[in-house]
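Chemist: What follows is the residue order along each chain.
Number of protein chains: 6
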Amino acid sequence: MKNEETTKILADAVRALSDFSSETMVYAPKHGRSMPSIDALHEISENLRSIIFPGYFGKSRITAQNLPYYIGVNIDRTFHLLSEQIARGICFAQLESENANCELNEITAQKITAQFFKHLPTIRELLISDVKSTYNGDPAANSYGAIIYSYPGLKATTNYRIANALLRLNVPLIPRILTEMAHSETGIDINPGAEIGHSFTMDHGTGIVIGETCIIGNNVKLYQGVTLGAKSFPCDKNGNPIKGIPRHPIVENNVVIYAQATILGRITIGKNSVIGGNVWVTKNVAPDSKILQSAVRDMSFENGAGI
Amino acid sequence: MKNEETTKILADAVRALSDFSSETMVYAPKHGRSMPSIDALHEISENLRSIIFPGYFGKSRITAQNLPYYIGVNIDRTFHLLSEQIARGICFAQLESENANCELNEITAQKITAQFFKHLPTIRELLISDVKSTYNGDPAANSYGAIIYSYPGLKATTNYRIANALLRLNVPLIPRILTEMAHSETGIDINPGAEIGHSFTMDHGTGIVIGETCIIGNNVKLYQGVTLGAKSFPCDKNGNPIKGIPRHPIVENNVVIYAQATILGRITIGKNSVIGGNVWVTKNVAPDSKILQSAVRDMSFENGAGI
Amino acid sequence: MKNEETTKILADAVRALSDFSSETMVYAPKHGRSMPSIDALHEISENLRSIIFPGYFGKSRITAQNLPYYIGVNIDRTFHLLSEQIARGICFAQLESENANCELNEITAQKITAQFFKHLPTIRELLISDVKSTYNGDPAANSYGAIIYSYPGLKATTNYRIANALLRLNVPLIPRILTEMAHSETGIDINPGAEIGHSFTMDHGTGIVIGETCIIGNNVKLYQGVTLGAKSFPCDKNGNPIKGIPRHPIVENNVVIYAQATILGRITIGKNSVIGGNVWVTKNVAPDSKILQSAVRDMSFENGAGI
Amino acid sequence: MKNEETTKILADAVRALSDFSSETMVYAPKHGRSMPSIDALHEISENLRSIIFPGYFGKSRITAQNLPYYIGVNIDRTFHLLSEQIARGICFAQLESENANCELNEITAQKITAQFFKHLPTIRELLISDVKSTYNGDPAANSYGAIIYSYPGLKATTNYRIANALLRLNVPLIPRILTEMAHSETGIDINPGAEIGHSFTMDHGTGIVIGETCIIGNNVKLYQGVTLGAKSFPCDKNGNPIKGIPRHPIVENNVVIYAQATILGRITIGKNSVIGGNVWVTKNVAPDSKILQSAVRDMSFENGAGI
Amino acid sequence: MKNEETTKILADAVRALSDFSSETMVYAPKHGRSMPSIDALHEISENLRSIIFPGYFGKSRITAQNLPYYIGVNIDRTFHLLSEQIARGICFAQLESENANCELNEITAQKITAQFFKHLPTIRELLISDVKSTYNGDPAANSYGAIIYSYPGLKATTNYRIANALLRLNVPLIPRILTEMAHSETGIDINPGAEIGHSFTMDHGTGIVIGETCIIGNNVKLYQGVTLGAKSFPCDKNGNPIKGIPRHPIVENNVVIYAQATILGRITIGKNSVIGGNVWVTKNVAPDSKILQSAVRDMSFENGAGI
Amino acid sequence: MKNEETTKILADAVRALSDFSSETMVYAPKHGRSMPSIDALHEISENLRSIIFPGYFGKSRITAQNLPYYIGVNIDRTFHLLSEQIARGICFAQLESENANCELNEITAQKITAQFFKHLPTIRELLISDVKSTYNGDPAANSYGAIIYSYPGLKATTNYRIANALLRLNVPLIPRILTEMAHSETGIDINPGAEIGHSFTMDHGTGIVIGETCIIGNNVKLYQGVTLGAKSFPCDKNGNPIKGIPRHPIVENNVVIYAQATILGRITIGKNSVIGGNVWVTKNVAPDSKILQSAVRDMSFENGAGI
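Protein chains in written order, with this note's numbering: chain B, 1 to 307; chain D, 1 to 307; chain G, 1 to 307; chain W, 1 to 307; chain S, 1 to 307; chain V, 1 to 307.
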């Protein structure tokens, strides 16, 4: 039982927080239409993993006989879920215009979704190349299955490759939400706009950041905490950042980058290079280079415990 | 069906693990009262996000007409949930005393919760300033909505601002659990005791640590992996750390700190400064400074593959 | 309603993605047996935390009287769940052999699970030492309970100590999935093969990586972003990495390693040493050393805003 | 693991049961559109009960202050759910026509749903009269609240009054499903087409059947097992029953009918009559009548135990 | 998207339905306190069945070793759930008084609940006698277990015996809700106030009604559709029925009553009697009687098909 | 917080209720093996309805293209669920023998389940005949779909036809649980042992009872409350009923039986007969008969209100 003063405070809070004329409501959706649903996108993401790696997720026991049934049901359901979310995403992106006819988007969304599924076998091929390169590069990996079950690098790459395919089909918002879901689970943040070749490996992975305009070749390996980021970016005359300008690194084939390295700007890390951990790189690196942090200081004789 | 030996081993384990006289039970709650519930705090956290950013989370389609209903129900429910958890938190903090009268805390908890809701519109204003500064500072952000939906920096800041308000109302334990929930989801660890100004941006965010006695000005931007931590701390004569002493950095207005920088101790990073990535800073930095890691070593010609 | 072309595209996708003769299916389980279940392992992990730290998780109010009931039920249920998952893990590891008799594994799995529960009181003792060292080392920790509720370092250590015990009992796959679950929640990646002494502390924790062959002494403290990794590893004549060779650091008693330090290879960090943040260490460090990054560059007067 | 023969049998069953050319598929929906959802209708039914009798169902604690919020949210949500189900119901009823444009129904469905909500306060008034007459007629009823919480007669009447209102708005299929839900829960089967006055009481209720063309006055009371049914019905020249012809009883004001009475055909039970239990009535009953079963036979001296 | 008129209709409905001054709100709880929860009572009912018949419900595999754990946890949880619901029930019954101090009821409720559990072993003994008499009286029953798993008569008797025990401890409202839950599941309506001896059998059971003041001896068997009801009841000078007056039958030991028999009023069915189906009995029946319906009419030669 | 006395009472109750030496534990399963699961059988029952009547239950939108996927997945899942429950049912039936090798039953159970699925298309054919006869006999039925969605008679017949098929394959216990589930939902109690021809109709249905040894021809129609039961049964020399003796009616083709008729014993109701409501029949009825209750008594002028 609330007392009278509490009742009044709560009523005031309701009023203040639902005041559509308040300045703080500029961000609120005003169209009364369904918004993209985080829960639905979670389900879509789980379903797609089950389609790509059958047998590992969910309760079913896969055989050659029953696999088409499971794949069929999963694709049918995910088609409906995903095309609905894509339609909502398109509607969301149009929401500034009062006259947006969100209903028309449903047909567009279904066409896009069909194209996505056409592309899905290729996505699976790329992910299998990622599983293999991860297996070959990690003495602690005992089987392909262990990687599929539990390696965060593969999970983040899976969501990225899905999101990237959707972005190429001009789907707004949804791709970013999908990679952020993987970011939340794995600590690996890959912008869906980045381009990444085959046989990509991220070991441990936590803290990796790959920016929107990165171009990464084949057979590249990144360790935890690696940043492929932007150094600075030009603004327009209103002081707003100009969107879409190339501002992240190009990483060529066969490069390895060790933990916590920070590589910023539209520079190129030449093929076959090795970048050591904890370095700060803002300039081009020639092919076949090996870059390390400068030597540490040994302060052992200066002061006692602590730093 | 367990065989006889297994049955015996399990019975022994039950006995050993429920032996209240064992030394390992010093930490176990002994009062037989309800403990704070992680599940309830998750629900509270979700509800508060729905109140602050209506329309983005949950299934409802918001209009000017129905918004007061949704805000009203959400505040009513969250009031009950939160005041119960606050009461449990207070009881938990008193548990050493055998005579703690936890029942009395319910009225206190309701008063505190009402004060919290009084403050909630201000929290929303601050968070809107954070959304705007994030939008302005990130060329990859296409809309306010995309940030609200999926940016981990905003999620962590939201939980922090809620937790900080509760801590100022002297709520024990609960604020820390709330920021740790966001930590788990985002990899960003902000202690609820830190003070952070408006227009705060964390880009990518994974690995950021902001300590208990940090003071951060307005319009500050941090990149992933930045630590604002303690260097060392004085202990009392029993060797236990003295709690509550200022030991974390002060970061003034308009500072930018790049990825993986580690800044330790009660030092001041002067206004408008730029701190490069991967540096280790334990001394004051003057206003308008620009600090970078020392130059890397190019080892390309020394030995073959690997490091 | 899908149109005809969409229907055809989806049917083609089903066919392509369920084609067992396709090369991309090399990784798919072909035995038609139940695979390890992520959901079940989540439940097991939650149950074990409830057994080790009674009263903190779940809805029950613990007293000396009812504790044996709760511990008893929890152990009984977890015994069945865990022995089933162990049996599935063993079967999974044998799956290459067409003649694997997975049914026989059930008895083996029950014996292993019983041994695990025999060891559980010891695991609790070690974890209590970790709680205490965390409490003593963190001025921001107000009580043991706050650490148990919400410290990610303790959560990751809990899953590690469970997984390590299972690995010593020769359980395949399951230990790695358990530590990866904690990795996903906390950003802390500890390989179950590592050996870690008592009174282990990880502060904040996000981004910590501890490799498979690490040996860590007692009373060690790691900060966020610390890597104890491998530098390179020998391959066999087919170019595959040789598994199981010692390749990660030995960290002796009482060492403290600050944020983002990267320590690689089978080197030894001598007892009582302090390693500063953001350093790159690939050589032995003598006992009682203090190692820091080389001094930063002050570029304040070079160019304007940004880096 | 299934053996080969089992695998074959199952594959055959899949083929046989999904053969769209089979005669047993005449009843299957062929339009590929969403069908009415039993789960959604359950939720709608629960929501409407919460709106009509606030405070009894769900977790919320109702006060004069928060009631509008709860009613508002409940009506908003139920509006969307119900109008979607009505649209599906209309589409289902049109499904024979290949050219049915089910999309157009959404607007119609929203209009119908709005009219339904306009009528809802009247439905509540009628139900309150039912609660009062039940209370007055049952010495075992201690409070209005006990009736609202747990009396099956009221639950069945609630669903009937809702379904009847929808039927008057020409909604197909959905009304019948709603009354069958109450039938399943209570054993009381009221066709939504029946007309029932105010202050209606059903005591115990199990087995009551009220046919499609019944007309029941005010202040009528029925006991368990009462049938108000049809005797026989005319068929058309193809032998199919002609739908919609009045064929069930008219029960005038203030009639009481005792347990298990079976009353069939378009007859009238005159006002103020009392019909005893277990009778079979197929002819008109004058007002103020009292009808009983013929006297029982006492067979006590004929044969031993049993019958 | 709702159009304007719909929006207005809904807003009007919200206003009308949340108008606390409206006459239709007389029944609404006004105290702002928690009401009894149907969901919690369902859980309580399930738990008590698991305690009484261990091994049949839930997922656990019972052995002599683990049974005490399961019973212990179940009783501990159910104690808290039930005492909370009893406290709410008492508060509900006091709600007319504005000054009701519902908080005080918690201690009373805990005492009552403890007394209930003290009585629970006796309830189990009675139910076992019911299982045995059901087994002995039904040639279709193959085992005690089949009866426990699936016989609705036993389910209804279980809830009745629980509810009756609570009613004897003066718990308001809750007992009736518990028997109505069983009524909904089984079609058997036993008022918790009835008194029923041991070895009670209900075969099939649907439609059985046993009134509030019934007294039933030992070893009685009822078939489906039997009513033990009230004929009429005296009203006070305001025309309200006087509550609590004996008005239902007394059924002595060893009586069998066949399907659909309706027995009304405070009459006595003497011991060892057999009552045939479909009879209407409103007078005393001597011990050892056998009562049948009067002979049927054979109308075969009167008119054609139908009736 | 429980006080001391309560704590003691609860501890005593735990002890008393888990005392395996107590007489009340004779019925408890002692084998420590998994028991049949009501929840799993619910899921099986839902799945089979979805397979038989695709498109009506669940969320999927059926087309000729996707139907095989849904049927395939549903049969695959249900095969595993059902064969596990059958194995548990067989084990349960063997539980008296201490040496029962329940593991061996799994292969038997899989074979039985395969045979059941072989028979499923025939079950669907029979149910379609039931849908058609229901449609033809009920002027209130507007479409086949309405019957499939919501008619309790069809639901009970569906579970009966499934259970009868399992019983013919000698599955113990499970068939009875399946028909009791339908009994609980519909109030219709059909013993799985009864034999029922095609084109079977039950209108309204609540309270219908069809005994274990009934034989019902084709094209039979029963109304609510009809009992086809046993009159008495022979006992063996220990006084236990002899199981399996024919003791229920034979109902020939084209018979109609009206509401609440009670027909007992191994008698024959000849073809084309019509039995009126509320009669008690214990003797053979010749073909083409029409049987009615004896005429009612009109007591209108005897005494005032009530009965």
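Since the hints were made in silico from the structure, they are not lab data.
Wrong hints could be hidden among the right ones.
Since the list gives no way to pick out one identical chain from another, each pair is judged satisfied if it fits inside one copy or across any two copies.
Mimicking DSBU-like on lysine-lysine, the simulated pairs with C-alpha atoms at most 35 Å apart in a straight line are [claimed, not checked]: (1) Lys59 - Lys237; (2) Lys271 - Lys8; (3) Lys231 - Lys8; (4) Lys111 - Lys271; (5) Lys231 - Lys59; (6) Lys283 - Lys118; (7) Lys59 - Lys271; (8) Lys243 - Lys30; (9) Lys30 - Lys271; (10) Lys237 - Lys8; (11) Lys59 - Lys283; (12) Lys283 - Lys237; (13) Lys271 - Lys118; (14) Lys111 - Lys237; (15) Lys237 - Lys271; (16) Lys59 - Lys111; (17) Lys243 - Lys118; (18) Lys271 - Lys243; (19) Lys132 - Lys231; (20) Lys111 - Lys283; (21) Lys231 - Lys118; (22) Lys243 - Lys8; (23) Lys231 - Lys243; (24) Lys8 - Lys283; (25) Lys237 - Lys118; (26) Lys8 - Lys118; (27) Lys8 - Lys30; (28) Lys111 - Lys231; (29) Lys30 - Lys283; (30) Lys30 - Lys111.
Chemist: Next step is simple, just say for each hint if it's right about the structure.
Modeler: Hint-by-hint comparison with the structure:
When the C-alpha separation of Lys59 and Lys237 is checked against a cutoff of 35 Å, the pair qualifies neither within a copy, at 56 Å, nor between copies, at 40 Å. Proximity of Lys271 to Lys8 under the C-alpha cut-off of 35 Å is found in neither arrangement, the shortest distances being 67 Å within a copy and 42 Å between copies. Taking the shortest alpha-carbon separations for Lys231 and Lys8, neither the intra-copy value of 50 Å nor the inter-copy value of 47 Å comes in at or below 35 Å. In this assembly of identical chains, the alpha carbons of Lys111 and Lys271 never lie at most 35 Å apart, being 39 Å within a copy and 52 Å across copies at closest.
With identical chains, the CA atoms of Lys231 and Lys59 are never at most 35 Å apart, being 46 Å at best within one copy and 39 Å at best between copies. Taking the closest pair of Cα atoms, Lys283 and Lys118 never come within 35 Å of each other, the shortest separation being 40 Å inside a single copy and 51 Å across copies. When the C-alpha separation of Lys59 and Lys271 is checked against a cutoff of 35 Å, the pair qualifies neither within a copy, at 43 Å, nor between copies, at 48 Å. For a Cα distance limit of 35 Å, the shortest separation of Lys243 from Lys30 inside one copy, 25 Å, qualifies, whereas the shortest one across copies, 48 Å, does not.
When the C-alpha separation of Lys30 and Lys271 is checked against a cutoff of 35 Å, the pair qualifies neither within a copy, at 50 Å, nor between copies, at 39 Å. Taking the shortest alpha-carbon separations for Lys237 and Lys8, neither the intra-copy value of 47 Å nor the inter-copy value of 46 Å comes in at or below 35 Å. In the homo-oligomer, the alpha carbons of Lys59 and Lys283 never lie at most 35 Å apart, since the shortest distance is 50 Å inside one protomer and 48 Å across protomers. Taking the closest pair of Cα atoms, Lys283 and Lys237 come within 35 Å of each other only inside a single copy of the chain (28 Å); across copies the shortest separation is 37 Å, beyond that limit.
For the homomeric pair Lys271 and Lys118, the shortest alpha-carbon distance inside one copy (32 Å) is at most 35 Å, but the shortest distance between copies (53 Å) is not. For the identical chains of this complex, Lys111 and Lys237 are neighbours neither inside a copy (39 Å) nor across copies (50 Å), given an alpha-carbon limit of 35 Å. In this assembly of identical chains, Lys237 and Lys271 lie within 35 Å of each other by CA distance solely across copies; the values are 24 Å between and 38 Å within a copy. Taking the closest pair of Cα atoms, Lys59 and Lys111 come within 35 Å of each other both inside a single copy (31 Å) and across two copies (22 Å).
For the identical chains of this complex, Lys243 and Lys118 are intra-copy neighbours only, at 30 Å inside a copy versus 39 Å across copies, given an alpha-carbon limit of 35 Å. Proximity of Lys271 to Lys243 under the C-alpha cut-off of 35 Å is found in both arrangements, the shortest distances being 28 Å within a copy and 27 Å between copies. In the homo-oligomer, the alpha carbons of Lys132 and Lys231 lie at most 35 Å apart both inside one protomer (33 Å) and across protomers (20 Å), since each shortest distance falls under that limit. Proximity of Lys111 and Lys283 under a CA criterion of 35 Å is satisfied in neither setting, with 43 Å inside one chain copy and 57 Å between copies.
For the identical chains of this complex, Lys231 and Lys118 are neighbours neither inside a copy (37 Å) nor across copies (41 Å), given an alpha-carbon limit of 35 Å. For the homomeric pair Lys243 and Lys8, neither the shortest alpha-carbon distance inside one copy (46 Å) nor that between copies (38 Å) is at most 35 Å. Within a single copy, Lys231 and Lys243 get their C-alpha atoms as close as 14 Å, which meets the 35 Å cut-off; across copies the closest is 39 Å, which misses it. Taking the closest pair of Cα atoms, Lys8 and Lys283 never come within 35 Å of each other, the shortest separation being 61 Å inside a single copy and 50 Å across copies.
In this assembly of identical chains, the alpha carbons of Lys237 and Lys118 never lie at most 35 Å apart, being 43 Å within a copy and 40 Å across copies at closest. Taking the shortest alpha-carbon separations for Lys8 and Lys118, only the inter-copy value of 10 Å comes in at or below 35 Å, while the best intra-copy value is 58 Å. When the C-alpha separation of Lys8 and Lys30 is checked against a cutoff of 35 Å, the pair qualifies both within a copy, at 28 Å, and between copies, at 18 Å. For the homomeric pair Lys111 and Lys231, neither the shortest alpha-carbon distance inside one copy (38 Å) nor that between copies (48 Å) is at most 35 Å.
Taking identical chains as interchangeable, the C-alpha atoms of Lys30 and Lys283 are never at most 35 Å apart, the minima being 46 Å within one chain and 49 Å between chains. Both within a single protomer and between protomers do Lys30 and Lys111 lie at most 35 Å apart by alpha-carbon distance, with minima of 27 Å and 22 Å respectively.
Hints 1, 2, 3, 4, 5, 6, 7, 9, 10, 11, 14, 20, 21, 22, 24, 25, 28 and 29, counting from the list given before, are not met by this structure.
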